[in-house]
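Colleague: Below are the chains, spelled out letter by letter.
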Amino acid sequence: MPSASRRVLTGLGLAALAAAVLSFPSLAPNPYILSAGIVVLNFAVLSTSWNFVGGFTGYISLGHGALAGLGGYGTALLVTRAGLPSFVACAVAALLVAALAVPIGLAALRVRGASFVIVSIALVLILLLVFQSWAAVTGGSRGLVVPRPFPGLLRPEHHRVFYYLFAALLALALLAWWLIDRSRFGLGLKAIREDEDKAEALGTPTLAYKLIVFVISAGFTALAGGLYALWFGDLDPVFQFSILTGCYLVLMALLGGVRNLFGPFTGALIVGVALEYFKGRFGNTPLHLVATGLLLGLVVMFMPDGILPALGGLWRRLRRNQQSSIREVTAAELRDEREREGAGR
Amino acid sequence: MPSGGLVFQSVILGLLLGGLYALLAAGLTLYFGIMRVVMIAHSAFLILAAYLAWWSHERLGTDPLLSMIVTVPLFFGAGVLFQRLLLSRLRPITLTMMSVLLTFAVALIIEGLLGYAFTGTQRRIQLSYGSASIGLFGARIAVVKLIAFGLAVVALGGLYLLMKRTTFGWALRATIQHGDAARLVGIDTDRVAGYGFGLGLATAAVGGTALSLDTTIYPSLHWHWIGPLMAIIVVGGLGSVPGAAAAAVLLGLMQSLLQIPMGTTWAQTIFYLALFATLAFRPQGFFGGRLAQRF
Numbered sequence: 001m002p003s004a005s006r007r008v009l010t011g012l013g014l015a016a017l018a019a020a021v022l023s024f025p026s027l028a029p030n031p032y033i034l035s036a037g038i039v040v041l042n043f044a045v046l047s048t049s050w051n052f053v054g055g056f057t058g059y060i061s062l063g064h065g066a067l068a069g070l071g072g073y074g075t076a077l078l079v080t081r082a083g084l085p086s087f088v089a090c091a092v093a094a095l096l097v098a099a100l101a102v103p104i105g106l107a108a109l110r111v112r113g114a115s116f117v118i119v120s121i122a123l124v125l126i127l128l129l130v131f132q133s134w135a136a137v138t139g140g141s142r143g144l145v146v147p148r149p150f151p152g153l154l155r156p157e158h159h160r161v162f163y164y165l166f167a168a169l170l171a172l173a174l175l176a177w178w179l180i181d182r183s184r185f186g187l188g189l190k191a192i193r194e195d196e197d198k199a200e201a202l203g204t205p206t207l208a209y210k211l212i213v214f215v216i217s218a219g220f221t222a223l224a225g226g227l228y229a230l231w232f233g234d235l236d237p238v239f240q241f242s243i244l245t246g247c248y249l250v251l252m253a254l255l256g257g258v259r260n261l262f263g264p265f266t267g268a269l270i271v272g273v274a275l276e277y278f279k280g281r282f283g284n285t286p287l288h289l290v291a292t293g294l295l296l297g298l299v300v301m302f303m304p305d306g307i308l309p310a311l312g313g314l315w316r317r318l319r320r321n322q323q324s325s326i327r328e329v330t331a332a333e334l335r336d337e338r339e340r341e342g343a344g345r
Numbered sequence: 001m002p003s004g005g006l007v008f009q010s011v012i013l014g015l016l017l018g019g020l021y022a023l024l025a026a027g028l029t030l031y032f033g034i035m036r037v038v039m040i041a042h043s044a045f046l047i048l049a050a051y052l053a054w055w056s057h058e059r060l061g062t063d064p065l066l067s068m069i070v071t072v073p074l075f076f077g078a079g080v081l082f083q084r085l086l087l088s089r090l091r092p093i094t095l096t097m098m099s100v101l102l103t104f105a106v107a108l109i110i111e112g113l114l115g116y117a118f119t120g121t122q123r124r125i126q127l128s129y130g131s132a133s134i135g136l137f138g139a140r141i142a143v144v145k146l147i148a149f150g151l152a153v154v155a156l157g158g159l160y161l162l163m164k165r166t167t168f169g170w171a172l173r174a175t176i177q178h179g180d181a182a183r184l185v186g187i188d189t190d191r192v193a194g195y196g197f198g199l200g201l202a203t204a205a206v207g208g209t210a211l212s213l214d215t216t217i218y219p220s221l222h223w224h225w226i227g228p229l230m231a232i233i234v235v236g237g238l239g240s241v242p243g244a245a246a247a248a249v250l251l252g253l254m255q256s257l258l259q260i261p262m263g264t265t266w267a268q269t270i271f272y273l274a275l276f277a278t279l280a281f282r283p284q285g286f287f288g289g290r291l292a293q294r295f
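Residue numbers (full-length UniProt numbering), protein chains in the order written: chain A, 1 to 345; chain B, 1 to 295.
Chain B on its own, in the form it takes in the complex (with noise of 0.2 Å):
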């Protein structure tokens, strides 16, 4: 039976985590939500910001957190470009299922890339501030992972008021609620689409930045995380951002609860379970989403 201490320790460091999957899985929600795009290169989009966080420290020695004043920019930039000069182009009828190619083929693009900018050597951020951590309740809990989480927070929270409180966010939701009554109303979807594109890729800077902190990556280090995000917003019920956030939560608090047992590995399949599970009793998602069935 493993100590309270242990138990308490974990439930922080689950809450932690999730809310960075949440963050992680933001984007993925939106592109689905927008054009019903399955974003195969997200978390390479993620590892990516996290190489440029590593190289901005390593070769000009600012604070990783610094390289988001490029990245940010930079990844809405791509966004906008990828839905305007590559999603938008393909049929229709097809797109659900082509565009997980295009996202699988921009993957592998990136993950070469980066391959073969950076070589498939470990990298990882040594920082002043790394091994810092602050006690709480008998709890240590690292200066980073708090820095990561508080990214997290900042970003959705911003997220969520962009689309609660601007004109954007309202043709925005408009778009991911019904496209056509959307055009009809005199929304430019095609526009909107762009910038929820963007959006959803800056989201992926912003992810990537803080996973950077006190990750070690290396360029194939997307495929690990394409699992547990997939799995987040299928539970969560695909479309649904408020879903993922709490799908995202929970998975979190599991994983880091089910380490104590069962070791790292092991308690990884949390999520695989979490989607079966999902897709045998529940389809659309545990949490809100009504897309989800039909697509």
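With the rest of the complex left out, here is chain A (with noise of 0.2 Å):
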């Protein structure tokens, strides 16, 4: 495809997308609807937050719901205690977790795969821990409450603001996720999702990379999480600290696609409504666990690399015959069109 109508088809979508996301709060047909679309963007930012350690580097992380619960906390905690502003507590809160994310992340990525996973999981459960038995600073199993930003607003104007507030924030992390993507940190990262020991022997400083970006998305979680706070009002560690969140994440990044730019967006759209349609179906049993088990079991065996490539895969196969212009064949593809070329002379 040439490059200037490529940009073009891009921009329109771009501005498809956009406007899409921006409509929503006037087209939504009551408070309860705004609130599950907050809810979604909500995971859209966590998951691509999620997606700049799992999609660059191949890190599966399954403890971001912990980063994002320390952001929230780390909110409530800064506004009732020390009295910051709300907005100024919720970015200072990503700030401490960015500081906190340097010793975890020097500990977790001297390890590779599995040690790495393992260890994601002990720090949601020991934040879970910590957070439920601390209760005098937590307030434990009885809840947090935090106070409001906005406290002249009514309910469904409160949905709006944050609404917005939230979709700003994704906007940003695409942002930064496209640049890291197009960058040169980016493409080390990229070389060490694909052979780390390569990499690092091409003189890749694969340790501070990969600290750098574990950081990054640290702190866009823990904002996610601060905002959430802002918005929800009401923190729980159960909800907070749980590794279902983490495991939410993974599922959108991956159902998505992590090389992708909208990769964890699109997952969070379907994922996320999903789980608001499987808790309204199912209600209180614990049916959603089996639904969102079978969604994750079916993903990891059938779709591993996630719905927007291979919609792609399908788009350039229908397009396949209409092709004039070069381009890209893997080496099976060219092997079996030489065959068909030879058995049809």
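Calculated directly from the structure, the hints in this document are not laboratory data. Some hints could be false.
As the list claims (entries may be wrong) - Chain B stretches covered by chain A per the calculated footprint, using a threshold of three residues with CB under 8 Å from any CB of chain A:
(1) 103-112
(2) 212-226
Said to hold, decoys possible - Distance windows between CB atoms, simulated:
(3) B:G120 <-> A:G140: 44 to 54 Å
(4) B:V7 <-> A:L175: 58 to 68 Å
(5) B:G120 <-> A:V8: 53 to 63 Å
(6) B:D188 <-> A:M303: 22 to 32 Å
(7) B:V7 <-> A:L207: 40 to 50 Å
For each residue, glycine too, the CB sits at the ideal point set by N, CA and C.
Assembly of the complex is requested from the two constituent chains, each provided in isolation within its own frame, with the hints serving as guidance.
Modeller: Below you can see the structure in the form of structure tokens.
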């Protein structure tokens, strides 16, 4: 595809997407749907933040839910204990979590694959333990109430404001991902994903790169967590430090496609809507766990690259006959083509 | 300063607990050794076995230990099928990461189905010998804890003999040490891996039954076990069965001793402290484990 028309198409697509996201609040029939939209956007931000580590370096973290929880609790405690203004607290909490991510990352990123996943799970479990037991500071299982940033607003208006805040944060996260994707830094990260030993041998400072991107990811995750705390107004350790949250983020990113800018967003749209549906459909029964588990299993078994690449492949296959320009082919495709030609002769 | 008797009691209980931990973690090291798979669902299978023991006791009035006649072969078969039908179909290059997610999905499904079948109510087996205890040099030890420890010793001893004395064990160890070389000398590593997985899940059946004897169980309990078990296999060195056993006993002992000054909840943190200390100072694990650093 010529690059000019491609650029126009991309621009049009982006504009359509932005219009769709921004017009949702005025289309939403009631505040409940609007709040569901916020939940989905929150998931989209978290999943995109997760994808800084997961997509670029291939390190799968199941512990990002804990970083969001830390952001939420940090924001809440800074507002209630230190008396900071809400959004300043949110930013400070994100910086603190990013700072905390340095030692965590140094310990966790020294080991690869399996051990890293284990550490990320341990992170969630230990924080859950601490925040439940340390009730004097965190409120424990009784929960922690976060004062609202706009006390004068009615509930629907409150939802609307936070919807746009989440949309802005999503745009910021996507922009950061896109910038890294095109940078030399991003190239180094992707080299780590493909073959860490070779990347290191070629002079990529792998530990520093991994650590930097982990800290960026933690910062964005904490921002989203803090914003969620300000919106929702009530924190409970069981939900803030849940492995399930981390699992949802991974599921969303994988389902959409971790190598695509909009992969996690697409995944969040699908999984987020599905989660709301399961909750409504199965109510309080634990069957929503079964449904989530089945969905995750199916994605891992049959669509590990995600929906966007699968759709892209389909699109290419449909257009194949009309295509005349030079295109990339794999060795396998080339061989198939030769064989077909050989058979036709 | 706690009294000598209390410390002695804690040491005994810690050793018994460590033995049980060793049994529960043995399966995890097997899976990791054979296929580099981190099996998140292991503790979910433990809880499943515990529920089956509770259910057979509740429904049929049999001793919970008898449920193993059914659960051990059942879990063995499930393990073989799980490896052959699902894990072996994942791409080798991303196997470790994807297997984490796949086993996570299985854990969620088990938790959800347990919650659906038995509700979230906490369950506990009422045994005639449940409150019995014996005295040993002034320490009181509950009989059920001794039975659980005995099960662990028997199961781990059986596993050890199987690994060292049988042709299958020889093939399994060869597969763990060097899969390609094992294939070269004519071992059907796929089949061995399947049976190895079955073996791992069979230990989960035994461990879950041991657990059911004196724990209150509920569907989401498996999250509570994942952390300590994962910490044990990392401290022990991923893939090393003796390393995991040593780490299990040591950590069980430390947890039990720390409960005196810190209380049960905070004593739990020893597992995570040990995990982070291991990664910071000796990522390949403190006992054995040549594999860990690369995975």
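Colleague: The structure should be examined with respect to each hint, and the outcome stated for every one.
Modeller: Consistency of the hints with the structure:
Under the rule that three or more residues need a Cβ within less than 8 Å of chain A, the assignment of the segment 103-112 of chain B holds, with 8 such residues. Only when three residues or more bring their CB closer than 8 Å to a CB of chain A does the claim for the segment 212-226 of chain B stand; here the count is 3, and the claim holds. Restraint check, G120 of chain B to G140 of chain A: a C-beta distance of roughly 20 Å breaks the suggested window 44 to 54 Å. The hinted range of 58 to 68 Å is satisfied by V7 of chain B and L175 of chain A, whose Cβ atoms lie roughly 59 Å apart.
One distance hint, 53 to 63 Å for the beta-carbon pair G120 of chain B and V8 of chain A, holds here, with the actual separation near 55 Å. Taken as a hint, the range 22 to 32 Å holds for the pair D188 of chain B and M303 of chain A, whose Cβ atoms sit roughly 30 Å apart. The hinted range of 40 to 50 Å is satisfied by V7 of chain B and L207 of chain A, whose Cβ atoms lie roughly 43 Å apart.
When the structure is compared with the earlier hints, a violation turns up for hint 3 alone.
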